[in-house]
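Colleague: Please build the complex by placing chain B on the supplied structure of chain A, with the hints as guidance.
Here the protein sequences line up with chains A and B, keeping their order.
Numbered per this note's numbering, the first sequence spans residues 241 to 454.
Numbered per this note's numbering, the second sequence spans residues 3 to 429.
Source of the hints: derived by calculation from the structure; they are not laboratory data.
Note that CB positions come from ideal geometry on N, CA and C, so glycine has one too.
Estimated spans, in silico, between C-beta atoms of each pair: (1) B:Asp177 <-> A:Asp319: 20 to 28 Å; (2) A:Arg274 <-> B:Gly226: 34 to 42 Å; (3) B:Gly22 <-> A:Asp319: 23 to 31 Å; (4) A:Ala342 <-> B:Gly22: 57 to 65 Å; (5) B:Arg75 <-> A:Val387: 42 to 50 Å; (6) A:Met347 <-> B:Arg28: 57 to 65 Å; (7) A:Arg285 <-> B:Arg123: 23 to 31 Å.
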Amino acid sequence: MTVAVASGRLLEDSMRTLEAAGYLTEDAWRSTRRLILPCTDPSVRCLIAKPADLLTYVEHGAADLGIAGKDMLLEQGRDVYELVDLGFGGCRGVVAFPEERAARWEMLSPIRVATKYPRVTERYFWSRGRSVEIIEMNGTVELAPQVGLADGILDLVMSGRTLAENRLVEVAEVFRSTARLVVNRMSLRTRAEVVQAVVERMRTAAARRDPSSA
Amino acid sequence: MMRRERWQQVPSGMRDLLPGESARARAVTDGVLSRMRRWGYQEVVTPTIEYFDTLVRGEGTEAGDRLFKLVDRGGELLALRPEMTTSVARLVSTHLRGHALPLRLAYAGQVFRGSETGSGRLREFHQVGCELIGAGTLEADAEIVALAVDALAASGVPECSISLGHVGFLRGMLDGLGLPEEGERGVRALLYQKDFVGLRGILDRYGVPPARAEAFAQLPILSGRSAIQDARGLVETPENRQVLAALEDLVGILNAHGIGDAVRVDLSIIRDFDYYTGIVFEGHTASLGFPLLGGGRYDRLLDGFGVPYPATGFAIRVDRVLASPGHGEPAWPRSSDVAVVFGGGDRAAALRLAGMLRAQNLAVTVELLGRPWEEVAREAIAGGVPRAVLVAEGRAVIREGAGRERSMPVAELLARAAAGRGMEWIS
Numbered sequence: 241m242t243v244a245v246a247s248g249r250l251l252e253d254s255m256r257t258l259e260a261a262g263y264l265t266e267d268a269w270r271s272t273r274r275l276i277l278p279c280t281d282p283s284v285r286c287l288i289a290k291p292a293d294l295l296t297y298v299e300h301g302a303a304d305l306g307i308a309g310k311d312m313l314l315e316q317g318r319d320v321y322e323l324v325d326l327g328f329g330g331c332r333g334v335v336a337f338p339e340e341r342a343a344r345w346e347m348l349s350p351i352r353v354a355t356k357y358p359r360v361t362e363r364y365f366w367s368r369g370r371s372v373e374i375i376e377m378n379g380t381v382e383l384a385p386q387v388g389l390a391d392g393i394l395d396l397v398m399s400g401r402t403l404a405e406n407r408l409v410e411v412a413e414v415f416r417s418t419a420r421l422v423v424n425r426m427s428l429r430t431r432a433e434v435v436q437a438v439v440e441r442m443r444t445a446a447a448r449r450d451p452s453s454a
Numbered sequence: 003m004m005r006r007e008r009w010q011q012v013p014s015g016m017r018d019l020l021p022g023e024s025a026r027a028r029a030v031t032d033g034v035l036s037r038m039r040r041w042g043y044q045e046v047v048t049p050t051i052e053y054f055d056t057l058v059r060g061e062g063t064e065a066g067d068r069l070f071k072l073v074d075r076g077g078e079l080l081a082l083r084p085e086m087t088t089s090v091a092r093l094v095s096t097h098l099r100g101h102a103l104p105l106r107l108a109y110a111g112q113v114f115r116g117s118e119t120g121s122g123r124l125r126e127f128h129q130v131g132c133e134l135i136g137a138g139t140l141e142a143d144a145e146i147v148a149l150a151v152d153a154l155a156a157s158g159v160p161e162c163s164i165s166l167g168h169v170g171f172l173r174g175m176l177d178g179l180g181l182p183e184e185g186e187r188g189v190r191a192l193l194y195q196k197d198f199v200g201l202r203g204i205l206d207r208y209g210v211p212p213a214r215a216e217a218f219a220q221l222p223i224l225s226g227r228s229a230i231q232d233a234r235g236l237v238e239t240p241e242n243r244q245v246l247a248a249l250e251d252l253v254g255i256l257n258a259h260g261i262g263d264a265v266r267v268d269l270s271i272i273r274d275f276d277y278y279t280g281i282v283f284e285g286h287t288a289s290l291g292f293p294l295l296g297g298g299r300y301d302r303l304l305d306g307f308g309v310p311y312p313a314t315g316f317a318i319r320v321d322r323v324l325a326s327p328g329h330g331e332p333a334w335p336r337s338s339d340v341a342v343v344f345g346g347g348d349r350a351a352a353l354r355l356a357g358m359l360r361a362q363n364l365a366v367t368v369e370l371l372g373r374p375w376e377e378v379a380r381e382a383i384a385g386g387v388p389r390a391v392l393v394a395e396g397r398a399v400i401r402e403g404a405g406r407e408r409s410m411p412v413a414e415l416l417a418r419a420a421a422g423r424g425m426e427w428i429s
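Same shape as in the complex, but just chain A (with noise of 0.2 Å):
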C-alpha cells in the first residue's frame, strides 16, 4: 500500500496528518531526504512527490492514495476518487489585475492571462463567454503583468501579501481549495479492506487536527 504526499506547501500538514493516524513516527520524514519513506505500519510505505506529479501517481495506480491540493484536482481532471476533505492547505483560486488595470479588466478583449492553471483559466473564462489567451508559467506568476507578458494573472493566493506586494487586485475568486484524500480507483477494489482502513484512520485525524474539516 503507498500513499503519495505532495511537496511543498501541504508537505508538512499532510506528514502531521499520517501522524495523527499512526503511520508515520514524529518527525521521521523531517530527518531524512529520502524520496520513500516506511511506515510503522509495515504494509504502508509514503512516497513524497512533485504536488504537479501527485495525481499522476494516484491515476495511474503507482500510488493507491494521495495528499493532493484541490487546484491539481481542478487543473488536471484525473480520474481518481475524491474521498476526503482532509481541511489544511486552504488557499482560494482568483484572476487579479494590476491596480491602474484593475477596474476595466472586464473590458479587454482577448485578455491575456498568466497562470499556472490553464485548463481551469480557459474553462473560467470561456464559461462567461471571454476570449483568452492564456500564458502557461511554472512559478512567479505575479511577475507577468509588470514586464507585459500578461494583462492579468490567475493564481493561488493565501494571505493575499504576494499580490499587495506585486500591486496587483484581485478581481474574482475562481474556486477554493484544500487538501484532499484521494484514491486510485482500482485499489478501491482491488484492496478494497485495507484502503478503507487508512481513508477512516485518515478522515479521524483530520477531524481530529481541524474540526471543522471531514
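Modeller: For chain B alone, coordinates are given in the frame of chain A:
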C-alpha cells in the same frame, strides 16, 4: 542530444509497436477473439471512420468534444470511432435488421480518443470486445459477465477479477433525492468526477437529509460479499430494491456458471448512466491502476438506431493487458526458425528447401546480402534462431544452437523435408 525533428516523432498519445510487442498484442487479440468464438460470438469489422452524426447518435452530444474529427470532400463531418459499440449498433440496425435474435457479435480494432492528453494517456489503442444483442434477460447479463471472465483468462493476465455493479442503484438513489434538474445535473457531474467531497457539499446545499447524504458517502465502500445486504440498509426506494434483487439473482446464475469467485459485487462503479441501463462491470488485475475491461447493459442505444433491441457487451483494452504486471516482458522475438544460406550454383535447391519448410509452418529466412556462411550462422544462432542451413556444392550443412553440426547431400535433405517432418528429424 540530437535534435528530434517532427517527422521523427508520432503525435502525442500515438505509438508504434515493435516486433515483440506487436506479436504479444496480436496474440492477445487472437486469443480473446477465439475464446469469444467458442461462446458463439462471430467477428464483424466496421470502418475506422464513421459519420460524425452516427457516432454522436451513439455517444451523446457531449462526446462530440472527444472525437477526432475530419471533413470529407463533400464537406460532411467524419470522425474516428472512439469505441466500436456504436458502429456495431449501426451495422445491426442496417445489415442485420430482422435477423434472428439474439445476435452474438465480436470485434477487434483500433479506437481513437481526440481529447485525451498528458500523463501517458493513449489517443489510439486496440480494443477487443463483444456485444450480445436482442436478449434482455438476467441469463444474458450472466453470459456476458461469464464471457468477460473467460476472455480475461484468455488474455493471459494472471489473477483477474470482475467488479459488478448496476447503474439503476445510483439512479434510484438520485431519483429518491427529488432534486431540481439543475441540482441533479450537479450531483451527476460530481459523481462522474468521483468527487465525494464536492458531492457532500452540494447535497447539504440542497437540504438533502443527512441520512440520504450519508448513503452517498458510503458508496465508494459498497463492495464485497456484504454489499447487497449493506445497500439494502442504506436506501429503500422501489427501484433500489428491484435492482438489488436482480443483482442477487444474477450472482446466483454466475455461481452456476462456476465463476462466483471471480466476480465481486461493487455498487460504487460509476459509468455513464445516460448510456448504460442495467448492470455495469469492470475487469482488473492487482497492481494495475486502470481497468482492463469495461462493459454493461445498454438497452437504449439501438433504439436510437431504430431497432429497439436490448443489448449488453464489453470491451478489453489490449494496451492495458500488455502493461499488466505478470503478462510477460516485451522481448524481441526470434526472427525465424531456420536461416538458409546458399552457395553459387545452389539457389534453386535452397529456395525449394525454404518453400517446403514454410509449407510446414516454419519461419524461414534466406540470406540476401551474400555474406559468408560463418557470419550468417553465428548471427542467426546468437539471435535465437535455432537452426542455420548452408546449401552449397550439392551438400547441406545444418548447424544448431547447441553447436552441433551435421552434413548430408542436398537431395537427402529435400527428401526428408518433403516427407513433412519439420526440422525435428535433424536432432
